[in-house]
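The two chains are supplied separately, each in an independent frame; assemble them into the complex guided by the hints.
The listed protein sequences derive, respectively, from chains A and B.
Last residue of the first sequence: number 284 in my numbering, and the count goes up by one each step with no gaps.
Last residue of the second sequence: number 320 in my numbering, and the count goes up by one each step with no gaps.
I should point out that these hints are in silico values taken from the structure, not numbers from a laboratory.
Ideal Cβ positions, reconstructed from N, Cα and C, are used throughout, including at glycine.
Where hints are given, some of them may not hold.
As the list claims (entries may be wrong) - Over the 10 Å line for every Cβ pair with chain A, so calculated as not near, a few chain B residues:
(1) 20
(2) 62
(3) 63
(4) 64
(5) 66
(6) 186
(7) 307
What the hints assert, rightly or not - Coverage of chain B stretches by chain A, computed from C-beta distances (three or more under 8 Å per stretch; other residues unrestricted):
(8) 77-88
(9) 91-105
(10) 108-117
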Amino acid sequence: MNETWIALKELGENRMAAIGAIIIIFLVFVAFFAPFFAPHDPLEQNLEKRLLASNGEYPFGTDELGRCIFSRVLYGTRISLEIGVIVVGITALVGTILGGVSGYCGGIVDEIIMRAVDVVLAFPSIILALVIAGLLGPGLFNVILALAVTHWPAYTRLVRAMTLSVKEKEFVEAVRALRASSFYIMRRHILPNCINPVIVLATLGIAHTIIFAAALSFLGLGIQPPTPEWGAMLKAGIPYLRSAPFLTFFPGIMIMITVLAFNFLGDGLRDTLDPRAKEMLMTK
Amino acid sequence: MTILKIEGLRVYFNARGRIVKANNGVDLEIRENEILGLIGETGCGKSILGRAIMRLLSETAGIKGKIVYRGENLLDLSEDRMRQIRGKEIAMMLQNPSTSLNPVLTVGEQITEVYRYHNGVTREEAKKKASNMLELVGIDSKRMREYPHQFSGGMKQRVMIAIGLALNPRILIADEPTTGLDFSMKKQILDLMSELIRSRDMSMLLITHDLEVAKRMCDRIAVMYAGELFEIAPAEKILSEPKHPYTQDLLDSLPRKGLKPIPGASPSLTSPPGGCRFHPRCRYKNDECSEKHPDVIRLKDSHVRCFLYKRGCPTITSNQ
Numbered sequence: 001m002n003e004t005w006i007a008l009k010e011l012g013e014n015r016m017a018a019i020g021a022i023i024i025i026f027l028v029f030v031a032f033f034a035p036f037f038a039p040h041d042p043l044e045q046n047l048e049k050r051l052l053a054s055n056g057e058y059p060f061g062t063d064e065l066g067r068c069i070f071s072r073v074l075y076g077t078r079i080s081l082e083i084g085v086i087v088v089g090i091t092a093l094v095g096t097i098l099g100g101v102s103g104y105c106g107g108i109v110d111e112i113i114m115r116a117v118d119v120v121l122a123f124p125s126i127i128l129a130l131v132i133a134g135l136l137g138p139g140l141f142n143v144i145l146a147l148a149v150t151h152w153p154a155y156t157r158l159v160r161a162m163t164l165s166v167k168e169k170e171f172v173e174a175v176r177a178l179r180a181s182s183f184y185i186m187r188r189h190i191l192p193n194c195i196n197p198v199i200v201l202a203t204l205g206i207a208h209t210i211i212f213a214a215a216l217s218f219l220g221l222g223i224q225p226p227t228p229e230w231g232a233m234l235k236a237g238i239p240y241l242r243s244a245p246f247l248t249f250f251p252g253i254m255i256m257i258t259v260l261a262f263n264f265l266g267d268g269l270r271d272t273l274d275p276r277a278k279e280m281l282m283t284k
Numbered sequence: 001m002t003i004l005k006i007e008g009l010r011v012y013f014n015a016r017g018r019i020v021k022a023n024n025g026v027d028l029e030i031r032e033n034e035i036l037g038l039i040g041e042t043g044c045g046k047s048i049l050g051r052a053i054m055r056l057l058s059e060t061a062g063i064k065g066k067i068v069y070r071g072e073n074l075l076d077l078s079e080d081r082m083r084q085i086r087g088k089e090i091a092m093m094l095q096n097p098s099t100s101l102n103p104v105l106t107v108g109e110q111i112t113e114v115y116r117y118h119n120g121v122t123r124e125e126a127k128k129k130a131s132n133m134l135e136l137v138g139i140d141s142k143r144m145r146e147y148p149h150q151f152s153g154g155m156k157q158r159v160m161i162a163i164g165l166a167l168n169p170r171i172l173i174a175d176e177p178t179t180g181l182d183f184s185m186k187k188q189i190l191d192l193m194s195e196l197i198r199s200r201d202m203s204m205l206l207i208t209h210d211l212e213v214a215k216r217m218c219d220r221i222a223v224m225y226a227g228e229l230f231e232i233a234p235a236e237k238i239l240s241e242p243k244h245p246y247t248q249d250l251l252d253s254l255p256r257k258g259l260k261p262i263p264g265a266s267p268s269l270t271s272p273p274g275g276c277r278f279h280p281r282c283r284y285k286n287d288e289c290s291e292k293h294p295d296v297i298r299l300k301d302s303h304v305r306c307f308l309y310k311r312g313c314p315t316i317t318s319n320q
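Chain B extracted, bound-state conformation (with noise of 0.2 Å):
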């Protein structure tokens, strides 16, 4: 059952007279119960997804396309409908735990606020949800009066992940949750989360740019190239049969299949390459990949948006 549908999704910036196509045509369903991994590139436009769909982008940028979430269209709702949405239908985790919480208010009441803003609870069944909350996530609930600043990095994403959960969201936006955090610290995160968003049959879109993570975590994987997704298609499949070049050549710059970078650079958003966004850098490129913007092709449990496939002879191999 899809919770989230995202059609023709286009988000655009006007920079000083240059369009930057932030989002071009992006197709993606989120399911109920499930993790959805979208990786890329760092400039992608994968925080950019994360941010249109919870209408936090700035009033310059202009979004085409729709966002369904039961039914509504996210993108016509009011704000103030929206806020009802955010935080306890779908919520959201920014990127850097260290700076993500309000250094003057301690923990324990800025997990408190979120309660007694959304539910209209009393002072002190918000703060008893609260500590719960925190015990949830590991932390003991003594340090409810500690400020931000007494917290480690990972101590602070825990809370991160108490306050983004406090409501019970259907859906929880991830981006990127384990920057900044060491090996052992991401991996205890990383548990934390999956564990408890099972538990709760919450779905999840995790953005990240590490593989590695989102291998470990999730069901799905959606590849992100220059504002348009070039993949999407189960976790283990994605990562076994890769079908798209750019995701070949993204297992192949892991570590473990020998660290080599991708040819190029990713290109500019505000002048993207005509034709397949890719095919400056790929190594399957004819003259229709310069020419001809390749649709999304649906093969049987992937969705791949590059020429290969309509020929019908995916003759894709490592490149080692």
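Okay, chain A solo, but in the shape it has when bound (with noise of 0.2 Å):
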């Protein structure tokens, strides 16, 4: 408890980490609270008041069909936020059980494993993620999923790179000399001990996700209108960039400054919890 304060309290002082901290602690709040702070429903349409500029009723315009993006941009926060967390979730966790496994089993398991890492990376992930989306349809499942597949090697490779070093600390023998089993002494005692930077790629890893998602919705393979999502609203702007840049404008900003803050937050994350980093950049 003591220590997990300390880290805090330094995360603390690091200003920009700090302040990637806080937006997010926004967002969160923002996603979750949205249908108390949007003005009005994010599907409704008012053919009538269609691309406004943002007035009083309006605080950031109406889009094409006259819905106000105000409100479609705070739940837009949701699916991005939803996205960015499943996804990570579930490819920090596959990634760094099967980088575990690989780095301590080593041998055959190894072996398979780090192939089919390489498989997987020698396609670029958008690509890659294109056909799977291209193939499996669009929607809010497919989506993660096209993610999750295609970026779970990161993980591996660092955890099975961690591990590696790991296992042959002394105290990892020390251990095996008095009781654990392998498999106990990979939960309890190995993987604690990959588990920083983990944490580090994982709070990059949701930045990076939120735009791969956008991307995937701003081709038209992600996330189907009329849902609000902001890589969605960044395409159906598009035909009105020179008379309605507000339509591009809001949800490009949102993006900007989530991936910003999620970015912010981990590499603060990166130099508190990595002495090492701490140190290469003190002596350069």
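Take a look at the structure:
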């Protein structure tokens, strides 16, 4: 508890990380209470009031179908965070387990898992995700699936490398000399020693995933209209880029803020959790 | 009474086609309630012997011979059965206290889990036992919640002792338990260990390169050189009347005996010298020593592997 507190305090002293964390807390709050903040139903169309600039009734204006952009952006927060967290949750979990098994067992198991990683990494991830989303058809579940399939190898490689170094540490042998089975050693002694970089990678991964999901939606293979999703909103706004730039401006700025916030936090976490990275920065 | 008997133990590694004979026909027994010292230079195979008993050597190691504990040959046991023995029957403390504790778990958790893992006791009981154990090795049980980096080297070694003795094993194998500790701390740790071992009627195999430590602690001492045991004798005998020329040289190399180095270097384990492994450095060598491999000769209260005693006229003296 004490340790966690010190780490949090140190994180708070990192200004960028603190800003990132505050923005993220704010975004989560917004996403959670979107129905309370949104002045309109995000799906409600009002063709008489289409393409209005921002005004008292519609803070961010209205889109091509007369829907409230502010409400849609708020609800969009939900979807983006949802995708980010779910995808990173799945990929980090699967990737960590596979990486741990791969590094700890070695031999043929390691070979099989690492070759699978190579296969996935051999394709540019956006192409692979496009193929998967294209084959399965658009939709929230399929987007998550496509992202998960393309993003687990990073964690696997990271955790495998960490496991390889941690398992040679003397305390692992000490534990084996006293008691534990392989599974126990891995779960209780090796993985906890690998977890810090995974946390950093996961935080940065959320940012990456949100952009990626928006890109898929932008290309028409992700979340489908009328669901308010930032990428899809960008796409819908393109024809009106000159006449009504606010259609693309607000979702675009939200993507940027969210991604920046996660990146700030991720960088801060890396500085706090990984003393070696900090030393490297200091000596530079 | 013998509690662990090692017979003809051979341990070898295949390192890029070259065979490293780390233990070459070791016969040794650990008796009940005794502290047996295993001394030798760095790289002579002492730690390998300790690990072989625990079956902790890597899979690339070849092991032949027998290690009999209570009628069972440990080398034949299944991994599951071996795990029940580790920690509970035979425990091992590794060389380096600063790296032998997991940095991300609290000290308390690391002692507690020993009980949890073996005995199936409740969390509360295990915690209580762990804090008693910590008090026993002289650490305030309030420090259960602290992490290893908050402990000094000597404190960490105390924690290692607590973990090693937690399940009341019959035998504790301590591999260089005082590495990296300063002199006064060394004494404290050794006193603590021998007190705990003696009061619990346990046996200990103390692996060390430090003759002073061995002298202080042990009932019997075994001297190892290049993977072979050269001499086994009661501690006071080995110090007052060393039989083997190597033991003699070792004693002469002690600071208070004039710090005389043994000429030459310890042999490589990939291509040890033929005949007696010590003959290139030996003051008493003759032709037989470089041609034939000496067998262990049994004397009144010691065992020695040297041709001098076959001829029955030990004329060994200090070279002072």
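Hints and how they fare:
no.	hint	verdict
1	20	holds, 19 Å
2	62	holds, 18 Å
3	63	holds, 16 Å
4	64	holds, 22 Å
5	66	holds, 21 Å
6	186	holds, 20 Å
7	307	holds, 38 Å
8	77-88	holds (count 3)
9	91-105	holds (count 13)
10	108-117	holds (count 3)
Consistency note: the structure conflicts with none of the earlier hints.
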